[in-house]
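So the protein lines, in turn, are chains A and B. If you count the first sequence from 1, position 108 lands on 108 in our numbering, and the numbers rise without skipping. If you count the second sequence from 1, position 148 lands on 148 in our numbering, and the numbers rise without skipping.
Hints in this document: simulated from the structure, not taken from any laboratory. One or more of the hints may lead you astray.
[Unchecked claim] Subject to a maximum C-alpha distance of 25 Å in a straight line, what follows is the list of computed DMTMM-like cross-link-like pairs (lysine to aspartate or glutamate): (1) Lys233/A to Asp80/A; (2) Lys233/A to Glu350/B; (3) Lys249/B to Glu253/A; (4) Lys233/A to Glu149/B; (5) Lys255/A to Asp258/B; (6) Lys219/B to Glu163/A; (7) Lys231/B to Glu245/A; (8) Lys149/A to Glu35/B; (9) Lys271/A to Asp226/B; (10) Lys225/A to Glu20/B; (11) Lys268/A to Asp238/B; (12) Lys219/B to Glu245/A; (13) Lys254/B to Asp140/A; (14) Lys174/A to Asp197/B; (15) Lys149/A to Glu227/B; (16) Lys264/A to Asp313/B; (17) Lys278/A to Glu195/B; (18) Lys174/A to Asp226/B; (19) Lys149/A to Glu102/B; (20) Lys110/A to Asp140/A; (21) Lys353/B to Glu159/A; (22) Lys52/B to Asp197/B; (23) Lys243/A to Glu17/B; (24) Lys268/A to Asp313/B.
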Amino acid sequence: MHIVVCIKQVPDSAQIRVHPVTNTIMRQGVPAIVNPYDLFALEEALRLKDEYGGRVTVLTMGPPMAEAALRKAISYGADDAILVTDRAFAGSDTLATSCALAAAIGQIHKDMPVDLVFTGKQTIDGDTAQVGPGIAKRLDMQLLTYVSKVRSVDLDKHEILVERRSEGGVQLLKTSTPSLITVLEGTNEMRFATMANMFRASRYPVKVWNREQAGIEDVTKVGLKGSPTVVSKVFAPTLRAVKAEIIQCENNEPKDLAVTLLAKMFTKFPKIEQEIAKRAA
Amino acid sequence: MSEVTETKKPAGKKRFELSESLKAYKGIWVFIEHERGVIHTVSLELLGEGRKLADQLGVELAGVVMGTPGETTRSFCHEAFFHGADLCYLVEDPLLTDYRNEPFTKGLTDLVNKYQPEIMLLGASTLGRDLAGSVATTLKTGLTADCTELNVDLDARSLLATRPTFGGSLLCTIQTLNYRPQMATVRPRVMPMPERDASRTGRIVEDSLGMVESAIITKVLEFIPDEMQDKPQLPFADIIVSGGRGMKKPENFKLIWDLANMLGAEVGATRPVVQAGWVDLERQVGQSGKTVRPKLYIAAGISGAIQHRVGMDASDVIIAINNDPNAPIFDFAHYGIVGNAMTLLPALTEAFKVHLAVARKAG
């Protein structure tokens, strides 16, 4: 069984700050990490490999520094790693990104047929959840999003049984391979990197593909040209013009503050008093 | 939505001319999501938003209803009319009984190609995201996820889709210029619910799916519904009492629960508190949690970081308790008390209790 796991290197969003004056992102010192949601996809792929045998190839599109994310994946136990990088990809939106990744998966498939493609449910920087479905549609693969469990794989029959989170419950789905699975967070817990794999990761020659090597002939399908969406404005959220009315009273006793607050609020917002009164009944 | 936003050039100020073939695309569509006989509220919220856009552009607002044949599915068309739709496209087929990507993608894509809407909105639910991403790729058009504001540029007849980026620190407005339809998803509770007007009617345009079961590879073997064990319903709560890191210890969260129980309110929390395991994930409010719009939101020990704010900014009245007078939460709360939440929360619980007792006597 051959599984391709698509991952992305992202800035750790928890550590991003916005410059208070210029309203621009301050990237200095913000660490680049593997998108946390992708680790669930990688671990699920590695588990299937443990159970059924086969190979796990990790794939990413990004700048040259994204190689570090692939090395991390190798240290967890992935077999091969491919970085698709080209200036032509700059400015890609999700449609253009899915085009490039789908083409690269097509190239990987030529060397060794691909049975499954795994992605995280979304990234923490874009938050769109659109690239996974996009790849599936472009490769005409069965799409299974928000999968919480891969129950079984029948390699001879090309069948796979998964649990998919949907609104209000879980769907048990049977489909055929090749298919693309976006893995839900919390599905598993990432294993520790073994010493042997860490050594392997440090020496592993990551394959670097440019646009042509990734199998993309038409340059207008990727990058800014291949992106229907354009960002027309970036701005800071506007603050409400009126600041909070700070409740104060003599001594600032908690009891007095609380009573004063309720009196002021119920006078100005009678519907809040009505809402509370409903609960008295 | 761009994955590499920072390298994008702005759309620029030069006048934009839509190509002739795309000018044929007219009207606003809202995909009406439903599961197990219940319409998803996000679809109704989107009808409210769609109505505004349709009026600005001078076009019709349509709902798209796809489902198993029968009265229930049909009733969703009427529900769409009551919430602002002028017409509904209805596709009834037994193959659409359970949600599956393949038949829904085909059905919706065919409708778009036949009737050509200029804007199509879907809820950012698990179903909506699965479907929107598939349809947009099949149609090779632009899709903007998780919008918090929708507007139109009347000159270019272009949808201005605004969404938070970098965890809510900044907002960006995204346009899909020379592609149609322009697609966007919006999370539940981000937009207000429009008034329901049961006297409204509209036309139903029926269409067929044109698919057979044997052509659909993925089969639903079973549906396992979630246990109905008092799951917190934060997005629909009228009163929420929330705590943040300023509550200092997990034991202190009892004070939050006391006030919430007294008011019959839900308990909410910030991300750090959820990550520390003080309360469960279902109660997280903010960018990576739930979006809420209660009548009253009481925030104790919450500094008001942007990631939290984007999830609760639409609350009617916000009360903030924080010992730091410079906490950002005082910039957008309606009422603030500067002080120790551990003594103020019990005082507030007591004050509400007295008020309720008086109200009961009077009532």
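Verification of the hints:
1. Lys233/A to Asp80/A: Measuring from Cα to Cα gives roughly 39 Å; hence the hint is violated.
2. Lys233/A to Glu350/B: Given pair Lys233/A, Glu350/B is violated - Cα atoms ~48 Å apart, limit 25 Å.
3. Lys249/B to Glu253/A: At roughly 23 Å apart (the allowed maximum being 25 Å), Glu253/A and Lys249/B satisfy the hint.
4. Lys233/A to Glu149/B: 13 Å, holds
5. Lys255/A to Asp258/B: 16 Å, holds
6. Lys219/B to Glu163/A: Holds: Lys219/B and Glu163/A sit about 12 Å apart, inside 25 Å.
7. Lys231/B to Glu245/A: 34 Å, violated
8. Lys149/A to Glu35/B: Within the cut-off at roughly 22 Å; holds.
9. Lys271/A to Asp226/B: 35 Å, violated
10. Lys225/A to Glu20/B: 20 Å, holds
11. Lys268/A to Asp238/B: 18 Å, holds
12. Lys219/B to Glu245/A: Given that 25 Å is the threshold and the Cα spacing comes to 57 Å, the pair is violated.
13. Lys254/B to Asp140/A: Given that 25 Å is the threshold and the Cα spacing comes to 52 Å, the pair is violated.
14. Lys174/A to Asp197/B: Distance of about 42 Å is beyond 25 Å: violated.
15. Lys149/A to Glu227/B: 18 Å, holds
16. Lys264/A to Asp313/B: Since the Cα atoms of Lys264/A and Asp313/B sit roughly 21 Å apart, the hinted pair holds (cutoff 25 Å).
17. Lys278/A to Glu195/B: 22 Å, holds
18. Lys174/A to Asp226/B: 20 Å, holds
19. Lys149/A to Glu102/B: 20 Å, holds
20. Lys110/A to Asp140/A: Judged against 25 Å, a Cα distance of about 16 Å means the pair holds.
21. Lys353/B to Glu159/A: 60 Å, violated
22. Lys52/B to Asp197/B: 16 Å, holds
23. Lys243/A to Glu17/B: 43 Å, violated
24. Lys268/A to Asp313/B: This hinted pair holds, its Cα atoms lying about 19 Å apart.
In summary, the structure is inconsistent with hints 1, 2, 7, 9, 12, 13, 14, 21 and 23 from the numbered list given earlier, while agreeing with the others.
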